[in-house]
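A.B. asks: Sequence:
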Amino acid sequence: QASELGALGAVRLRAWVPTMLKSPDRKEYATHNYERLLVQAQAEADYFRAHPNLSTLWKSEQAGTRALVQILHKEYVANLNKTWRPKTMSKISAKMLDARIQRAMI
1 QASELGALGA VRLRAWVPTM LKSPDRKEYA THNYERLLVQ AQAEADYFRA
51 HPNLSTLWKS EQAGTRALVQ ILHKEYVANL NKTWRPKTMS KISAKMLDAR
101 IQRAMI
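Everything in the sequence shown is counted per the numbering used here, starting at 1 for the first residue and increasing by one.
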């Protein structure tokens with residue numbers, strides 16, 4: 001199953017990131033996704049600021065959705081550079097070589 005996930009682009013995280021993703025209570029947020037995300041972001045900030053131990057993590061960007069996104073982005077780019085990029089560059093190089101050969105034969 002792990003190899004299937006890797007084939008789909010899954011990235012293994014090497015860290016734990018605390019988040020607070022409680023959904024807003026009001027029903028209209030179910031249909032207004034952008035507004036719901038803004039409300040959730042504010043609720044998460046309020047939550048972490050209210051807890052002294054978690055506040056330090058929040059201020060140093062080691063907690064919260066923003067920290068999770070940063071870690072995911074870093075790991076995903078590293079994964080692309082190890083897997084997708086080399087394969088893609090070799091395919092592009094092969095196509096360019098083929099195009100040069102075809103042009104030289106004209």
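These are calculated hints, taken from the structure and not from any lab test.
Fair warning: there could be bad hints in the mix.
To be verified - Here are the computed lysine-lysine pairs in the DSBU-like style, where the Cα-Cα straight-line distance is at most 35 angstroms:
no., residue 1, residue 2
1, Lys82, Lys95
2, Lys87, Lys74
3, Lys74, Lys59
4, Lys59, Lys95
5, Lys95, Lys74
6, Lys22, Lys59
7, Lys22, Lys74
8, Lys82, Lys59
9, Lys74, Lys91
Every value quoted in this text rests on a predicted model; they were computed, and no experiment measured them.
A.B. asks: Taking only the CA atoms, is the gap from Lys82 to Lys95 under or equal to 35 angstroms?
C.D. replies: With a Cα-Cα distance of about 21 angstroms, the restraint between Lys82 and Lys95 holds, given a limit of 35 angstroms.
A.B. asks: Checking one constraint from the list: CA of Lys87 to CA of Lys74, max 35 angstroms. Satisfied?
C.D. replies: holds (20 angstroms)
A.B. asks: Has the given pair, Lys82 with Lys59, been kept, meaning a C-alpha gap of at most 35 angstroms?
C.D. replies: holds (32 angstroms)
A.B. asks: Would you mind confirming whether the straight-line C-alpha gap from Lys95 to Lys74 stays at or under 35 angstroms?
C.D. replies: Cα-Cα ~30 angstroms, so holds.
A.B. asks: Lys22 and Lys59: Cα distance at most 35 angstroms?
C.D. replies: holds (20 angstroms)
A.B. asks: Just to be careful, I want the Cα atoms of Lys74 and Lys91 compared with a cutoff of 35 angstroms; is the pair within it?
C.D. replies: holds (25 angstroms)
A.B. asks: Straight-line Cα separation of Lys59 and Lys95 no greater than 35 angstroms?
C.D. replies: Outside the cut-off at roughly 49 angstroms; violated.
A.B. asks: Take a quick look at whether Lys22 and Lys74 sit within 35 angstroms of each other, Cα to Cα.
C.D. replies: Judged against 35 angstroms, a Cα distance of about 25 angstroms means the pair holds.
A.B. asks: CA of Lys74 to CA of Lys59, is that 35 angstroms or under?
C.D. replies: Given that 35 angstroms is the threshold and the Cα spacing comes to 20 angstroms, the pair holds.
Violated hints amount to a single one, hint 4; each of the other numbered hints is respected by the structure.
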